[in-house]
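Hey, can you piece these two chains together into the complex? The hints should help.
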Amino acid sequence: MHPITTKGRDSMHSHAGRGRTAVAQARLVLLIMVNVAQLWILAATVEAALAHRFSALLPLVIASGICFVVTLTLIFWWRPASRHYTSSGYLKR
Amino acid sequence: MSSKLSETIDKVLTKSRHDDSDVRAATAPYQTDFPHDRDEEAQVTRREFCNFLGLTSAALFVGATGFAGKAALDARRAETFTPAKIEGAQALAPGTSLNFRYPTQKDTAILVRSLDGSYHAFGQKCTHLSCPVYFDRHHQRLECPCHEGAFDARTGDVLHGPPPRPLDVVNLEVRGNGEVWAIGRIAASGERLI
Numbered sequence: 001m002h003p004i005t006t007k008g009r010d011s012m013h014s015h016a017g018r019g020r021t022a023v024a025q026a027r028l029v030l031l032i033m034v035n036v037a038q039l040w041i042l043a044a045t046v047e048a049a050l051a052h053r054f055s056a057l058l059p060l061v062i063a064s065g066i067c068f069v070v071t072l073t074l075i076f077w078w079r080p081a082s083r084h085y086t087s088s089g090y091l092k093r
Numbered sequence: 001m002s003s004k005l006s007e008t009i010d011k012v013l014t015k016s017r018h019d020d021s022d023v024r025a026a027t028a029p030y031q032t033d034f035p036h037d038r039d040e041e042a043q044v045t046r047r048e049f050c051n052f053l054g055l056t057s058a059a060l061f062v063g064a065t066g067f068a069g070k071a072a073l074d075a076r077r078a079e080t081f082t083p084a085k086i087e088g089a090q091a092l093a094p095g096t097s098l099n100f101r102y103p104t105q106k107d108t109a110i111l112v113r114s115l116d117g118s119y120h121a122f123g124q125k126c127t128h129l130s131c132p133v134y135f136d137r138h139h140q141r142l143e144c145p146c147h148e149g150a151f152d153a154r155t156g157d158v159l160h161g162p163p164p165r166p167l168d169v170v171n172l173e174v175r176g177n178g179e180v181w182a183i184g185r186i187a188a189s190g191e192r193l194i
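Chains as they are written, first to last, in the working numbering: chain W, 1 to 93; chain B, 1 to 194.
Please keep in mind that the hints were generated in silico from the structure rather than gathered at the bench. Treat the hints with care, as some may be off.
Simulated coverage check for chain W against chain B, where a stretch passes if three residues somewhere in it have a Cβ under 8 Å from a Cβ of chain B [said to hold, decoys possible]: (1) 23-33; (2) 36-47; (3) 53-64.
Pairwise CB distance ranges, derived in the manner of DEER restraints [said to hold, decoys possible]: (4) B/69 <-> W/36: 22 to 32 Å; (5) W/20 <-> B/134: 55 to 65 Å; (6) B/81 <-> W/56: 46 to 56 Å; (7) W/36 <-> B/171: 20 to 30 Å; (8) W/58 <-> B/140: 39 to 49 Å; (9) B/66 <-> W/30: 18 to 28 Å.
Glycine included, every Cβ here is placed at the ideal spot set by N, Cα and C.
For reference, chain B alone in the conformation it holds in the complex (with noise of 0.2 Å):
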């Protein structure tokens, strides 16, 4: 008995080491009609790879192009703005800030009151990598919390951090009963195209 249940587990072990396909026949029966080779599934040839990086290489062109094109075309479209009156900047605190919108419901923008009552008014994107500034109440400054960029409340300069420009500036306009209307928006500095 013992010696043909040795030589059983001696047959199986033989078997498994050596025949992988009577190991899969027991574990599913899909697996008889649908038969991979393992070895095989687990490694990429030379050829596979070198194609795969051919695609990549393709990859990074059209990425590179498609942003500077990108680029290119929203610099040269000329833009026409609709005033809008930025609802709850009559209420702003001296030193806070307020977000809206302007000129699509796309562009964030920040208003900012100054300590001394003026308003002034930026595009919330950082000009480094495009996260979204807030303002820093103890500072009085715009700050960007990704890469630590900061920006002047006044005037959007670059105080100091990784961006390249200032910020974008949303032009404003005081009317006679204290509301704020944002009356356009330009990149500020930076180069243009047209």
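Chain W on its own, in the form it takes in the complex (with noise of 0.2 Å):
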């Protein structure tokens, strides 16, 4: 049996953490893309409540719930796998 060295360690730290770096920053772009989102749904819920396009109200409302579920289930939920956790298990000692 080999003993892990310490530049072998080194080296799964920072593969693990460049995975980690990427999850974070996609969920970074993911949130700001249904920030954008959200802001079209409102101009067009301001638009067609002046245009009296009733109907078009409520799918709008509904639409930028999705998207704020979407964002609280991003931040709340959606992070990078602890590395304390992780199936592989080659972080734990």
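Structure below.
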């Protein structure tokens, strides 16, 4: 049985770190995209209200609500996995 | 002497490069009582930015819900109108216009007297984004200065531009002595919730 060297452990750490950074950045990009979509929905809601197109209001509000729920899930649940609980276990001692 | 001076300069330069706390102490006394880390202040963490995006999302959702709710409530409200005399309408020359407020002081409206002498009145808010429309004497039509929308001065129908529906129509009544009275106001076409 070969012990894990310090160099090998650092390499695994940086590999995991890169993966976590990529996931965190993807999460951030998704959040921004959802915000932009919600901004568009708000503009469409204002225009529909002024045009008295009342049948379009409810779907737009529901769409905005779905975007908000997606944002909440991205913030509270969709996070990079903790290195203490990875399935491979290579960071655990 | 010069060696001492250069030594002091070196010392100050070295300190300012590596130790920021002395610079703060030299600039203002209160900064020693309330120390802060300049580098930390200048940065926003990923977590803070995510929270900001979350709050923005909540604000946009509340805004869309509020706007839609208010529009729906306004449409459901059954309005009763009190007839009101439009002051100065009798003296209005053909081919000109007059601004007035109806049914409340908040609701601006525009009275147009056509070249044939007939009166027409409309809500002054453009149906696109609520800019106030004005009467263009040259073209004898109502125009919106914001996005170049135009409305027919007799019917309020959209002639061109982005407005999605005609102007609100103010119903008029010309009484025996030539007085012009506003007796009602309706949102032209568009869907109704009631």
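Here is how each hint holds up against the structure:
no.	hint	result
1	23-33	holds (count 5)
2	36-47	holds (count 7)
3	53-64	holds (count 8)
4	B/69 <-> W/36: 22 to 32 Å	holds (24 Å)
5	W/20 <-> B/134: 55 to 65 Å	holds (60 Å)
6	B/81 <-> W/56: 46 to 56 Å	violated (28 Å)
7	W/36 <-> B/171: 20 to 30 Å	violated (44 Å)
8	W/58 <-> B/140: 39 to 49 Å	holds (40 Å)
9	B/66 <-> W/30: 18 to 28 Å	holds (26 Å)
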